[in-house]
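Residue strings, one per chain:
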Amino acid sequence: MTDLIFTVLFIEAFLLPALIGGGIALGMGVIIMIAARVFFVPVDEKMKNLVNILPGINCGACGYSGCEEYASALNSGETQDAGKCPVGGADTASELAEFLGLEKPDFTPQAAHVFCHGTLYHTSKRFDYSGTVSCEAAHGLFSGPNSCTYGCLGFGDCAQACPYDAIYMADGIAHIDSTRCTACGLCVKTCPKLLIEIIPKHLNAYTVKCKNKWPGAQTRKNCSIGCIGCRMCFKTCRFEAISMDGPLAVIDQEKCTRCGECLDVCPTGTIHNGLMVAPDSENHPRSTGLHLWVDPKIRKKQAEAQNNTFKQDE
Amino acid sequence: MREFLIILFSAILVNNFVLTRFLGLCPFLGVSKNIKTALGMSYAVIFVMIISTAITWPLFNYILYPRDLAYMQTVIFILVIASLVQITEMFLKKLIPPLYSSLGIFLPLITTNCAILGLTILNIDEGYSFVESMIHAVGAGIGFMLALVLFSGIRTKLEHSEVPRMMQGLPIALVSASLIAIAFYGFKDLIEQLFG
Chain A
1 MTDLIFTVLF
11 IEAFLLPALI
21 GGGIALGMGV
31 IIMIAARVFF
41 VPVDEKMKNL
51 VNILPGINCG
61 ACGYSGCEEY
71 ASALNSGETQ
81 DAGKCPVGGA
91 DTASELAEFL
101 GLEKPDFTPQ
111 AAHVFCHGTL
121 YHTSKRFDYS
131 GTVSCEAAHG
141 LFSGPNSCTY
151 GCLGFGDCAQ
161 ACPYDAIYMA
171 DGIAHIDSTR
181 CTACGLCVKT
191 CPKLLIEIIP
201 KHLNAYTVKC
211 KNKWPGAQTR
221 KNCSIGCIGC
231 RMCFKTCRFE
241 AISMDGPLAV
251 IDQEKCTRCG
261 ECLDVCPTGT
271 IHNGLMVAPD
281 SENHPRSTGL
291 HLWVDPKIRK
301 KQAEAQNNTF
311 KQDE
Chain B
315 MREFLIILFS
325 AILVNNFVLT
335 RFLGLCPFLG
345 VSKNIKTALG
355 MSYAVIFVMI
365 ISTAITWPLF
375 NYILYPRDLA
385 YMQTVIFILV
395 IASLVQITEM
405 FLKKLIPPLY
415 SSLGIFLPLI
425 TTNCAILGLT
435 ILNIDEGYSF
445 VESMIHAVGA
455 GIGFMLALVL
465 FSGIRTKLEH
475 SEVPRMMQGL
485 PIALVSASLI
495 AIAFYGFKDL
505 IEQLFG
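So the sequences go chain by chain: A and B. Everything in the first sequence is counted per the numbering used here, starting at 1 for the first residue and increasing by one. Everything in the second sequence is counted per the numbering used here, starting at 315 for the first residue and increasing by one.
Extracted from the complex, chain B is given alone in its bound form (with noise of 0.2 Å):
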């Protein structure tokens, strides 16, 4: 139990894939204008997270590693991300038409984005069992909804700020971004000091 909690914080704190690790970076800066998008975004990003976790783990473990194939896994999970993403849009459309309105446009742009596929990718650098996979998945989804509603808010304050004119809009962005991912380094004691 101790080892998960550890990874579900580590994963949203100290590793988190935007701030720590500079995966995401497109819907971060893309998406992060108003809380309400963001929200929208971070609700498909960990629901597309969960499921291709899901999906990627046994086909490495069983089926590409086995036959000393795992130099395939980026042309293969990217393959298989993509193919299931669409499947359970449809599947949504069909069946859960709230939830599909609601992720909206956000479910097919997440599909083959750099968070999930290094998501997946780290599940098996770091030898995660399949459940431990599964909770760093929601840590990391969690996380990244972190970071994008704190930047969010954010950047509506910086849409109300005298801004030098070489510096309006995305280097501004970008300046505060890294003070933010800067604040997320603090987390790092943080970890050890509950767990360690």
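So that you can see chain A by itself, here it is in the shape it has in the complex (with noise of 0.2 Å):
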């Protein structure tokens, strides 16, 4: 008798709980195998090793949400072109070409660009500032505390932004080391006064680092160095690089020859020759003096003196 209920709460207290929940485990444990088996989803080598080929920073310049959708797209012949992560540049972009047995495709080098040089020393401050410390929020309280309110506000969202340290900020503006930058276009994203374009990448390159749309006679009053649209490198290019939006000259750098002659007539100094390099590289301008104003005049000098020394090295 006492076996039958020792074996009855035996049964009831330890077998039935045991069995329900090492019953539930077993069956879950082999709907997952089927599942497994019924939901399999092949890994493609192939996306494997394009995925590989690209940089994997998932910056979305190509086009594409991410490095695998670019992969994706290559792999199921959405797209023949090979070319478009700016990032990876021309060795990615052959390392795909060749592998996915494209033709190389033509690439140019491109890089960020501040359509602004407005630093302390040209521009002044309508107010003091000392809210949240991002270009965005200053930018939402009265277009932000500069006098220009089309120039940069230098408090940095976009060297927050970039992933490769190629920003750095100085004199109250960003700069772009064009040796670092990639051209991702992650900074032209955040700029809230959208100064940042992706330009190609001629270290000689000559921009109109204004994007200010005012009468010339309002950009004088708040930028020393602002474009105050008095054509005269419109009317002085040979080559029809230059247009007029408004009031502002815009060089089309597809059509610009680097010629210079253009540099030579701006009287403000708005037009800019070459892309910015880092701080401690011996061209930075702090070190050649070029991006702070000058007059038109002495610089002329400045660079016929320089010329001249070039000569006389040769």
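Incorrect hints may appear among the rest.
[Claimed, not checked] Below, simulated DSS-like cross-link-like pairs (lysine-lysine); rule was C-alpha separation at most 25 Å, straight line: (1) B:LYS407 x A:LYS46; (2) B:LYS347 x A:LYS189; (3) B:LYS408 x A:LYS48; (4) B:LYS407 x A:LYS48; (5) B:LYS408 x A:LYS46; (6) A:LYS84 x A:LYS189; (7) A:LYS189 x B:LYS350; (8) A:LYS189 x B:LYS471.
[What the hints assert, rightly or not] What follows is a list of derived Cβ distance ranges for each label pair: (9) A:LEU26 x B:LEU484: 36 to 46 Å; (10) B:PHE509 x A:GLY246: 58 to 68 Å; (11) A:GLY63 x B:LYS350: 13 to 23 Å; (12) B:ARG479 x A:ASN52: 39 to 49 Å; (13) B:PHE405 x A:GLU12: 29 to 39 Å; (14) A:ALA36 x B:SER443: 30 to 40 Å; (15) B:ILE468 x A:PHE239: 53 to 63 Å; (16) A:ASP3 x B:ASN375: 30 to 40 Å; (17) A:GLY131 x B:SER443: 48 to 58 Å; (18) B:ALA368 x A:GLU98: 48 to 58 Å; (19) A:MET169 x B:ILE468: 24 to 34 Å; (20) A:THR2 x B:LEU484: 56 to 66 Å.
[To be verified] A short, non-exhaustive set of chain B residues, derived as facing chain A with CB atoms under 8 Å: (21) PHE405; (22) LYS407; (23) HIS474.
I should point out that these hints are in silico values taken from the structure, not numbers from a laboratory. As the structure is a prediction and not an experimental result, all values here were calculated from the model. For each residue, glycine too, the CB sits at the ideal point set by N, CA and C.
Could you use the hints to bring the two separately framed chains together as a complex?
Set out below in structure tokens:
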């Protein structure tokens, strides 16, 4: 009798829970096994290699949402263009093309460029801003404290967004080190003033480093180095590379031959020669004094003097 | 219908899982650094809450309870929820890849979170029917999302503000979390006023 009670108790108290628990666990295990078979997704080796070739920072500069998306587009033949990744540059493009058996694409290296050089010395402050250290926040407050409401605020949202450490802040504006820049375009998206653009990476590029659309007199008042829309460069350019966007001159980088004639006629020194490099580099404008505004006549003399020294070197 | 609304809104506002019940605090502090990841996590939580309620409620009421095995609910629930999420993940990967990639890493992360287990056990404790449990699950998920999105907004502000050095990072996050929690207590009367 005691045996029977013991057996019943044993079954009730231990065996049944163990069986139910174990049964559910086993059932789930079997279902997972079946599911793993039924829903098996084969991993494409080719895809894996393509993803490995790409830089893998998922910046989206290629027009796809990430490196994997671009790889799958290449893999499925959706796109034949292996040169869409500006970050990887020519190396990645040719490697991709080789791997896929496509034609090698023409790859022009590009770099981001800040279209403003109104530093602390060229602009003034309309009010003291002591809020959040962020361009976006400052931009929301009366378009920021700068006298030029089109210009760089210098709080470094772009520098924070840059995964390559290519952007540094100096004299209250952002500079992009073109040697580090990969043209991924992340900074372009963050700038609330829309000052950053991707341009071909010519170290000798000529750019109108200004985006303001004010009439000349107002520009003059607020920034000593802004484009006043005098049309001097527009008239001088022999290659029709300069167009006027209202009161602002714009240089078409494709048509520009980098002759430098516009630089000489610009009365405000808005046109800038060359892409920026890192502050520790020898060619940095801080050491050459290029980014500070100099009277054009004096600068012309300086340029001539420099040319002469080059000639002497030769 | 009125009971359903009461359950839904009290789960979202009054008995908010994160801010009143203090369940699911690790994802609340872990992935609330920006709105994008907060939303991704919230979708995964809503999703897992619904499917886990749909499976644990019948399991408890038709298998465990009639056999006096209610004490085994925690073990069984974790087991079932974990494997269910695993299966759903495979299912999504094969059949709805966009949803899979948007839920991404959050789906396996949330599997055995206390908010999920807490929800399934609360459903049983409160004596909800199946439909009520499902509504409670949806409400709890939306409440989680609300708390997470609100908090991610505050955290992005916190990153830009000057915080005393000893309070930087997690301490100030916890302090602000408790302030929101106190604010949420204000909703207590709201439900009574609306439906009472």
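Structure-based check of all given hints:
no.: 1; hint: B:LYS407 x A:LYS46; result: 19 Å, holds
no.: 2; hint: B:LYS347 x A:LYS189; result: 20 Å, holds
no.: 3; hint: B:LYS408 x A:LYS48; result: 18 Å, holds
no.: 4; hint: B:LYS407 x A:LYS48; result: 17 Å, holds
no.: 5; hint: B:LYS408 x A:LYS46; result: 19 Å, holds
no.: 6; hint: A:LYS84 x A:LYS189; result: 18 Å, holds
no.: 7; hint: A:LYS189 x B:LYS350; result: 16 Å, holds
no.: 8; hint: A:LYS189 x B:LYS471; result: 20 Å, holds
no.: 9; hint: A:LEU26 x B:LEU484: 36 to 46 Å; result: 42 Å, holds
no.: 10; hint: B:PHE509 x A:GLY246: 58 to 68 Å; result: 60 Å, holds
no.: 11; hint: A:GLY63 x B:LYS350: 13 to 23 Å; result: 20 Å, holds
no.: 12; hint: B:ARG479 x A:ASN52: 39 to 49 Å; result: 42 Å, holds
no.: 13; hint: B:PHE405 x A:GLU12: 29 to 39 Å; result: 38 Å, holds
no.: 14; hint: A:ALA36 x B:SER443: 30 to 40 Å; result: 34 Å, holds
no.: 15; hint: B:ILE468 x A:PHE239: 53 to 63 Å; result: 54 Å, holds
no.: 16; hint: A:ASP3 x B:ASN375: 30 to 40 Å; result: 35 Å, holds
no.: 17; hint: A:GLY131 x B:SER443: 48 to 58 Å; result: 53 Å, holds
no.: 18; hint: B:ALA368 x A:GLU98: 48 to 58 Å; result: 51 Å, holds
no.: 19; hint: A:MET169 x B:ILE468: 24 to 34 Å; result: 27 Å, holds
no.: 20; hint: A:THR2 x B:LEU484: 56 to 66 Å; result: 60 Å, holds
no.: 21; hint: PHE405; result: 6 Å, holds
no.: 22; hint: LYS407; result: 5 Å, holds
no.: 23; hint: HIS474; result: 4 Å, holds
Checked against the numbered hints given earlier, this structure breaks none of them.
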